[in-house]
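K.L.:
Residues per chain are reported as follows:
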Amino acid sequence: MHGIDILSLLIWLPIGGGLALLALGDGNARLARWLALLVAFATFVLCLPLWQGFDTATASFQYVERLSWISQLHADYHLGVDGISLPLIQLTTFMTVPVIIAGWSVVEKRPAQYYAAFLILEGLMIGVFCALDALLFYFFWEAMLIPMFLIIGIWGGPRRVYATLKFFLYTFLGSVLMLVALIYLYLAAGDYTISGFQSLPLTLIEQRWIFLAFLVAFAVKVPMWPVHTWLPDAHVEAPTGGSVILAAIMLKMGGYGLLRFSLPITPDASRELDWLVIGLSLIAVVYIGFVALMQSDMKKLIAYSSVAHMGFVTLGAFLAFDIQASTGALAGAVNGLDGAMVQMISHGLISGALFLCIGVMYDRLHSREISAYGGVINVMPKFGAFMVLFALANSGLPGTSGFVGEFLVILAAFKANFWYAFLAATTLILGAAYTLWLVKRVIFGPVANDQVAAMKDLNGREFLVLAMLALAVLALGLWPAPLVQTMEATVQHLLQQLSLSKIPAV
Amino acid sequence: MITLGHMLTLSAVLFALSVAGIFINRRNVLLLLMCIELLLLSANFNFVAFSRYLGLVDGEVFVFFILTVAAAESAIGLAILVVLFRERRSINVEDLNTLRG
Amino acid sequence: MNPNLLLAIPMLPLAAAIIAGLGGRLIGRTASALLAIAGVAGACLLSVQVLSALLHGAASYNATVYTWLLSDGVNMQVGFLIDRLSALMMVVVTFVSLCVHVYTIGYMHDDDGFQRFFAYIALFTFAMLMLVMSNNFLQLFFGWEAVGVVSYLLIGFWYTRPSAIFANLKAFLVNRVGDFGFLLGIAGVLYYTGSLDYQVAFDQAPQIATHTLHIAGTAAGWPAITVICICLFIGAMGKSAQVPLHVWLPDSMEGPTPISALIHAATMVTAGIFMVARMSPLFEQSDTALSFVLVIGATTALFMGFLGIVNNDIKRVVAYSTLSQLGYMTVALGASAYSVAIFHLMTHAFFKALLFLAAGAVIIAMHHEQDMRKMGGLRHRMPVTYWTSLIGALALIGTPFFSGFYSKDALIEAVHASHRWGSGYAYFCVTAGVFVTAFYTFRMIFMTFHGESRLDHHAEEHFHDVGWNMKGPLVALAIPSLLIGYFTVGPELFGGYFGSSIRVLDANDVVAEVGRDFHGAASFAEHSVLHLPLWLALLGVLSAWHFVLRRPQQATAIQERFGWLYRLLVNKYYFDWFNENVLARASRGLGLALWKGGDQAVIDGVIVDGSAGAVGWIAGRVRLIQSGFLYSYAFWMIVGLVLILGWLLFAGAGPAAQS
Amino acid sequence: MLVAVLFYTFATILVVAGVGVIISRNPVHAALSLVLCFLTSAVLWLLIEAEFLALVLVLVYVGAVMVLFLFVVMMLDINVEELKRGFTRYAWLGWLVTAIVVAEIVGVIVQRRLGLDVTRGAVPLPADYSNATELGTALFTRYAYAVELAAVLLLVAIIAAISLTLRRRRGLKLQDISAQVAVRASDRVRLVKMKAEPRS
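Taken in sequence, the protein lines are chains F, V, H and C.
Using the numbering used here, read the first sequence as starting at 1 and increasing by one per residue.
Using the numbering used here, read the second sequence as starting at 1 and increasing by one per residue.
Using the numbering used here, read the third sequence as starting at 1 and increasing by one per residue.
Using the numbering used here, read the fourth sequence as starting at 1 and increasing by one per residue.
Every beta carbon over 10 angstroms from chain V, so not counted as near; a handful from chain C, in silico:
| id | residue |
| --- | --- |
| 1 | Arg-169 |
| 2 | Val-192 |
| 3 | Lys-193 |
Here are the computed lysine to any residue pairs in the SDA-like style, where the Cα-Cα straight-line distance is at most 20 angstroms:
| id | chain 1 | residue 1 | chain 2 | residue 2 |
| --- | --- | --- | --- | --- |
| 4 | H | Lys-596 | F | Tyr-162 |
| 5 | H | Lys-596 | F | Pro-226 |
| 6 | F | Lys-109 | F | Phe-149 |
| 7 | H | Lys-596 | F | Asp-297 |
| 8 | F | Lys-456 | F | Asp-363 |
| 9 | F | Lys-382 | H | Leu-22 |
| 10 | F | Lys-382 | F | Leu-471 |
Distance windows between CB atoms, simulated:
| id | chain 1 | residue 1 | chain 2 | residue 2 | range |
| --- | --- | --- | --- | --- | --- |
| 11 | H | Tyr-633 | F | Gly-16 | 52 to 58 angstroms |
| 12 | F | Thr-327 | H | Gln-199 | 22 to 28 angstroms |
| 13 | F | Val-379 | H | Phe-578 | 34 to 40 angstroms |
| 14 | H | Val-642 | C | Val-19 | 18 to 24 angstroms |
For the record, the hints were derived by calculation from the structure and aren't laboratory data.
Glycine residues also receive a C-beta, built at the ideal position from the N, C-alpha and C atoms.
Make a model of the complete structure from these sequences and hints.
P.N.:
Structure representation (structure tokens):
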């Protein structure tokens, strides 16, 4: 694959498009929209050939590009994808398109800059997933915060300053610890290659500290309990598109980091401290489930539901050690890792779709309060159908993507410990309770008031966006095999990595 | 014969005097500036002494620079003092507490 | 068997559902209805063909349609297992569904959601077929949840009614409690057998029995098979509405009546029974789990029957009857008489669907009046409905030669023959249940069709008998309700019909024991004269006649005399009260406490704002050092100097050592 | 011997003058004492053969800096009485610290010596030695860059001092030459064409 550097193109095309939009200015909103859509769509289309040439039989990185970047620090511009990052990149390019369309007629304040921020964000996020050099990874990781910060801070709601500050400080705190860990690893390894880090022997004490530093960074991003409180605030204040990207992709960075850094770099510390991650994940599932039940703000409810669902990602990722402890073998651990990955993709689609749905309602009524709505389906039947579908998907209905990840993780959890599975499975009840109670109060029932009565059903643009996502959710739910097939080799390789001790023999 | 010890002791006394001056004259900015000059002089004494007793000219070069800096410092210090006095009609340090939140 | 034809069975209703659902507006009402009916009729015909092929000796079919997911060597797939058990279920499902489809044309005629309704019930048929045709646990769970969702959508079909959307949420959540257990059970099966395939799992059932699972404090641990079976049965309890997860079924009557007939009487609620029968190789390994099944089923059978006595809503009476009958089936499962359970499931599907549809006809005729106290004397005004309901009622109470008789009598005999822990209690419950069943069934028949007309002005004005598109299905269902037991009891129960699809250990085989006394369907009926249940049923009918028609005032008197009992029954044993005021309120309270107390007070308040506050506090202290006074800085500098010089002077080893 | 006598004499004057700087209430007296300090210091530096610096000290300090001080003291209308209000509460602390510092420095010099022979005299210089030449050679060769920097520093100090003390008086009439050059005719004269108004 030496014809075109497709990964670089994926990263820099949206960024270039974003810069072009910035240069274009806000004068011509119409042109800006179409240009943004064109770029987003082109990026999505560009991503498709990746699957064509992707070899699912190998766990090694593909489409690798490597140029010297900062030679004094031995940091390279080093890109590549494997079975874990490829689906996430595809998700990123896929979700950006509806986000652009969703802002079509709604964003009036500085439209070109709005789209530019999203396109630049897209490029940076793809960069995070592609980077094979830790410093490059860190560069993208931090740079990504800036457009998001601006999106919430400029186009956000009334308490946006508080929310952005909280968002920024939380994530920054984690990132700084990660940087310390990366520098330590760099000093030990001599360069910043991630695969070099993965094969680096480390003593248990070193691993513990590195693991904890990584854990803080990624736990904030996921977010895991108890560092999740930035998420509801950020979501509530963010514009619809911001919420979608935040929920659909940025949260995945945490899960991706755990799979890419924590587990392979510090397998022994992961083994030792897996109880911590599993405990926090289960708390997230149960505790947050109850908290979500009582939310009166729709976006907050979905935000909390995201925390609970991401609990499955972290749970699935760390089950391998307990499975080994309880059954003496690693059989079934792949289920957990596969489940974590599928859950990430699926949650990206579903939570993105739900935030878009809330955005559709917000555009009409300018309220996110559940009590302001009621009987929406009477006036918006098409919308109601979509909303019910996504709500059911969110509560893990088989046949939708929401089921696949949870199912796999619960299967694996049972192997690790009956009570893990028991607590994780409570999501069946809690997830259904908070999601469908929301549906009952908002969608069903008699028309609540005159404002609801005046709501117009979906227009073509909104219909297109939701239909796209609905198809993706159903397709993934009815036939997840291709997705799992893509990452199988990588996940097996990851399992092998984390099952081998890295403590140097004395 | 003037030994190194003589010069250093004299310098120490000057230094201590200037420090004491900063304590004693804590109200008057002008006197504080003078004490600083005295302080720099005591440092210069050391430079000169070591330079001569080690036979190295570099110490004296540094004295030269210190004199330069001291001159610049006193020029600006006095300028500030003048501005200050215009604004406040006072050079009492205790009146200068605007920055104390 | 031709795989493509098998695939066509669920796909026909699915295609109809998709077209009617997405393009209903486009193709219009009639076309949607016809399409759905055609789809289901095709499925029904093919199912009958499959069943007859199996009866004529065709081998069972077990194959994969496609691989859903392959993870870590666990092959999760969608596939079909067509044996006599599933074929029987397919026929029952498609036949009842077909009747309901036809009936719906009349029942939903005036409703705006006509096409939507057809889409839903066709979708339901698809989901139910996927459930019964499955050859693995995963697809079973798929169908299981899918029928639950369609049920959710259909109970809330009239979504503007607050009671309907309350009922559908309740139904879904209660079912989810069951699914919670079910999913754990499936995970357990995978854990111990390494496969989700029925055949693999069932073949390994004895091996599972050797494992123990350490889940609670006991050092010995629990037998794994018992845990798995109880988990699976919790799923069945949710779907088949067993105590205490039964609370959703009476409320589900908020849905349109055809749905009550199809989903909440004939098919979906029996999915749990089907599932346990399907899992017979697993359940047979655990006596404890079966005793649990037995006791739960017996409790449901008797105590839910009582509730039918005090209810005046015609649909709810039938609903409680359904609960009670589901309890009967569960008892049969618990007594290892799986074939009897399925047999009762089948006969019940016909006569209960019939009763529901008849009730629906009455409701339509009465212009949406459901209160039996406002009915009476309808037998002359709607004769077809009357006679068909009478057939249904007689079948339900177990009149000899009617279908329900064979299944119920065999069931009671089987329980009688069982020696499992709890079988004594179960036998008492099912026998007493016969009286209760007869009493509430005929109370309903008498109140609705006999006696003086108590119609109010509104109903009288709008009264009109229903058309043949509704009567036709009644007749179509009445025929099997009357006859099917007579013709199938011999082969199905005692003729080894189910073959290897139901596996019973010899020690538990109560059906075989009952079968020793079986000498043909006719003599089975004649022998019933010697058994208690027949007389209890007769007593029940007579009591109903006495209290409803002859001396209604006595009923009122008893009601007043035993006020506490009446209140207990009217309040449905306070299950709903408990759920709403204790469980739901506690959940909401917990949610609020965790949110306000945990998230906002502790995490945001103490940790997040607290750390910010701590930084601010420290900064406030440190700031004081920055006093802005030159002499203070000078002082500290000098102090530092003094310390350094002091160190130089007094420290032991230093540069001074050399001179 | 003569050198020793001179040293002790001037050292005593220096210390006394230093004390005078810090304890005199009147800034003019303090400044004059400081001038005396610098003069005696210059003498002492001459004694150890640092001629050039001694001269620079006199020229720069006494001639320029101290004059500046005196100017400022006299220009500002300082309320001497207010500043005279005795020593501060912490004066005793100042004296104490001073005593400790002197004692410690002397102790360090005498006792620990820092690897030096403090009883040694200065390095004897050859007869044709020129302090100015040596210093100049060092300054303009090895320290050329630093000299440049020092020059810049002084320039900055000049500009800073001027700009700080520069007073813009209100109401002062000055030419704005750029505005004068940039003016256009149309700003000054407007030709208005209008009909003659009828005489009322």
